[in-house]
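So the chains spell out like this:
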Amino acid sequence: MSVKNTIWFGVADEISASTAATTIVLQDDVYVYPVSLEADTVLSFDYSQMNQVRAQSENWGKQFILLLKMGATVRSVTFPTGVKWNCGITPTMNAASKNYLVRFDMYGAASPATPTLLGAYDGSFN
Amino acid sequence: MLRRNLAETSSPDYTTTLTSDVIPLTRNGETFLRRDPGAMTLNASGYTPGAGEIVTFKLILVCTGASVPSLPFSWIWDGDNAPEFVNPGIYVISVTQPQEAVDGTTWLASLDQFYPYSEQMLGQIEYRRMTGAGTPVASGLRLALDEEYRAYDVDLNDSRFDGETEFVFTVMPPSGTDGDNYQKRGFIAEVTFYTTGTDDISLTFHSDIKNLDFEGLWRKIVPGKKCVVQFFSFDAGQTIFASLCGEFQ
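If you read the sequences in order, they're chains U and A. What the first sequence shows, in this note's numbering, is residues 1 to 126, in sequence order. What the second sequence shows, in this note's numbering, is residues 1001 to 1249, in sequence order.
Please note: incorrect hints may appear among the correct ones.
[Stated by the list, open to error] Dumping the calculated PhoX-like pairs for lysine-lysine here, alpha-carbon to alpha-carbon at most 20 Å: (1) A:K1225 - A:K1210; (2) U:K98 - U:K69; (3) U:K69 - A:K1184; (4) U:K69 - A:K1210; (5) U:K98 - A:K1210.
Treat the hints as calculated values from the structure; they're not laboratory data.
Construct the entire structure; sequences and hints are all you get.
Structure representation (structure tokens):
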């Protein structure tokens, strides 16, 4: 918790996950990525636009949140291989018409950008 | 060697909130927050730095005046100016151990910032007493968030609240927009509820606030305990969620 700072953060345009594979393009100034789940899908992350953090010569890290929006039909979501889950628990998202929050904390070398991903289930809401 | 430099982006940083006066260092670059600290000690046994690695951590001490903290006597302070913690407020302290530059065991510390505790830290609270026709109704309490502050303390025994013991609580999103991106912004604010009085306080979160896996938007605030709730939004405050972070002594 930063005690004095702006409390605002960036939110991406909603991403439609309507095919078997969905790529989420991560950006420097965005913290939350809303994803509309319209098909069973496998998620992957594209780090190519994270120019600010990748430009650092030393190791880098970033946190972001996926806001996964489940519609009336429950869709399955497969997270990128290699995510290390908090307490070893992969999020269970099996209720219709719910929004799920999954937080990622990633770090890695500046180039090539193949960071380590730490995932944590943060809760759900209707 | 594992090192992490969190980039200067709009992503919020996170800290480890300490529930005791021991600082359990387990990785480089960590930030710890301790509210009303006592005699702080450092336990660095959980992290083994690489050869020549500069180990740093940050300490945020929230001092409400309930105690006067102390830090390890062996720390060497920038300009020999160890903070005396005479004023309540938030002290942000950086600590580093440049192993090869000194002797591998010496911790160098500096007070980076001090934010005096003031009414502004509490945000703008609006209190409204509501009474029904012969039936007591919980009074309304509304906290207007300030875009510069992520953390708020709310003493439900504040003299302004007339000894009320039942509240309906809500938050107002911070002001401050930047035109085109207005709808594309979110916020997170953390509110600590407590009472300095002797009565339990019933705190109900307004029905406009959505529930994030929270067992009922109602908490009983008991004397001596603090209840921390995060309020956040993904649409510039049009929809606000609440998430219970925890309750601690």
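- Query: In ascending order, which of the hints set out earlier in this document are inconsistent with the structure?
  - Reply: Result: hint 1 breaks, nothing else.
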